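A.B. asks: Generate coordinates for the entire structure from the input sequences, incorporating the hints supplied.
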Amino acid sequence: MNDDIDDYYECIWDLALLESLINNLSLRGYEDKKRLA
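So the sequence shown is residues 1 to 37, counted in the UniProt record's numbering.
Worth flagging that the hints you see were computed from the coordinates, not collected in a lab.
The structure displayed is predicted, hence computed values, not measured ones.
You may find that some hints are simply not true.
[What the hints assert, rightly or not] Computed cross-link-like contacts, SDA-like style, restricted to lysine to any residue with a CA-CA straight-line distance of at most 20 angstroms:
1) Lys34 to Asn24
2) Lys33 to Asn23
3) Lys34 to Asn23
4) Lys33 to Ile22
5) Lys34 to Ile22
6) Lys33 to Leu21
[As the list claims (entries may be wrong)] So the derived label-pair ranges between C-beta atoms look like this:
7) Asp6 to Leu36: 43 to 49 angstroms
8) Ile12 to Lys33: 28 to 34 angstroms
9) Arg35 to Asp3: 45 to 51 angstroms
10) Glu10 to Glu31: 30 to 36 angstroms
11) Asn2 to Tyr30: 39 to 45 angstroms
Here a beta-carbon is modelled for each residue, glycine too, at the ideal position from N, C-alpha and C.
C.D. replies: This is how it looks when you write it as structure tokens:
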């Protein structure tokens with residue numbers, strides 16, 4: 001049972017990491033667009 005919980009948390013961690021990466025990329029893109037405008 002402990003292994004299942006570990007896998008579950010790993011999945012959540014991956015999703016959180018992915019989400020923060022996407023947010024950083026979209027924020028950077030937004031800043032570039034603002035500079036071009």
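A.B. asks: Compare the structure with each hint and give your call.
C.D. replies: Right, here's what the structure says about each hint:
1. Restraint check for Lys34 and Asn24: the C-alpha separation of about 15 angstroms stays at or below 20 angstroms, so the hint holds.
2. Taking the CA atoms of Lys33 and Asn23, the gap is about 15 angstroms. The hint holds against a cut of 20 angstroms.
3. Using a Cα cut-off of 20 angstroms, the hinted pair Lys34 and Asn23 holds, with the two alpha carbons roughly 16 angstroms apart.
4. Restraint check for Lys33 and Ile22: satisfied, since their Cα atoms lie roughly 16 angstroms apart, inside the 20 angstroms limit.
5. For the given pair, Lys34 sits about 18 angstroms from Ile22 by alpha-carbon distance, which is consistent with the 20 angstroms threshold.
6. Straight-line distance between C-alpha atoms of Lys33 and Leu21 comes to about 18 angstroms, which keeps the hinted pair within the 20 angstroms bound.
7. For the hinted restraint 43 to 49 angstroms between Asp6 and Leu36, the CB-CB distance of approximately 45 angstroms keeps it satisfied.
8. Between Ile12 and Lys33 the CB atoms are about 32 angstroms apart, so this pair conforms to the stated range of 28 to 34 angstroms.
9. Checking the proposed 45 to 51 angstroms range against Arg35 and Asp3 shows it holds: the Cβ atoms sit about 48 angstroms from each other.
10. For Glu10 and Glu31, the hinted distance range of 30 to 36 angstroms is satisfied, since their beta carbons lie about 32 angstroms from each other.
11. Take Asn2 and Tyr30: their Cβ atoms lie about 42 angstroms apart, and the range 39 to 45 angstroms holds.
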